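*Asks:* Sequence:
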Amino acid sequence: TVLNTVAQEPTNPQVFHTGMADIGYFRSPDGGRTMQQITRDISNNIKNISPALGQPGRIYATGPRGHDWYVNELFISDDSGLTWR
226 TVLNTVAQEP TNPQVFHTGM ADIGYFRSPD GGRTMQQITR DISNNIKNIS PALGQPGRIY
286 ATGPRGHDWY VNELFISDDS GLTWR
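Anchor point for the sequence shown: position 31 equals 256 in this note's numbering, and the numbering is continuous, going up by one each time.
In short, the hints are calculated from the structure, not lab data.
Keep in mind the model is a prediction, meaning the values are calculated, not measured.
Careful: at least some of the hints might be erroneous.
[Claimed, not checked] Below 25 angstroms or equal to it, Euclidean Cα-Cα: the simulated SDA-like pairs (lysine to any residue) are:
| no. | residue 1 | residue 2 |
| --- | --- | --- |
| 1 | Lys-272 | Arg-283 |
| 2 | Lys-272 | Gly-257 |
| 3 | Lys-272 | Pro-238 |
| 4 | Lys-272 | Arg-310 |
| 5 | Lys-272 | Ile-301 |
| 6 | Lys-272 | Thr-243 |
| 7 | Lys-272 | Leu-299 |
| 8 | Lys-272 | Val-240 |
| 9 | Lys-272 | Tyr-285 |
[Said to hold, decoys possible] Simulated restraints, written as ranges between beta carbons of each label pair:
| no. | residue 1 | residue 2 | range |
| --- | --- | --- | --- |
| 10 | His-292 | Arg-258 | 17 to 27 angstroms |
| 11 | Gly-256 | Gly-291 | 32 to 42 angstroms |
| 12 | Thr-236 | His-292 | 18 to 28 angstroms |
| 13 | Tyr-295 | Asn-237 | 28 to 38 angstroms |
| 14 | Val-227 | Arg-290 | 12 to 22 angstroms |
| 15 | Thr-226 | Gly-291 | 27 to 37 angstroms |
| 16 | Thr-264 | Asp-303 | 14 to 24 angstroms |
We put the CB at the ideal spot given by N, CA and C, even for glycine.
Based on the sequences and whatever the hints tell you, model everything.
*Replies:* This is the structure:
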């Protein structure tokens, strides 16, 4: 597994997001003490994560839909990475 990206939320520095190859998206609500793997409606190969600076809780992530290795989807969360569309 490769760690592709890490992003910290600008309005809540305790929350950060990681994207990995093969095992997908993980979220930490407590500064890294625990990590939650979120798999529903998001790729298992997250290439990039970016919090929206003007919209607290909105997170953008890119990755493949399905089992491709190239980016072909934009995933959006409005609840700090708990759910995705």
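*Asks:* For each hint given before, does the structure comply? Return the numbers of the non-compliant ones in rising order.
*Replies:* Violated hints: 10, 12, 15; rest satisfied.
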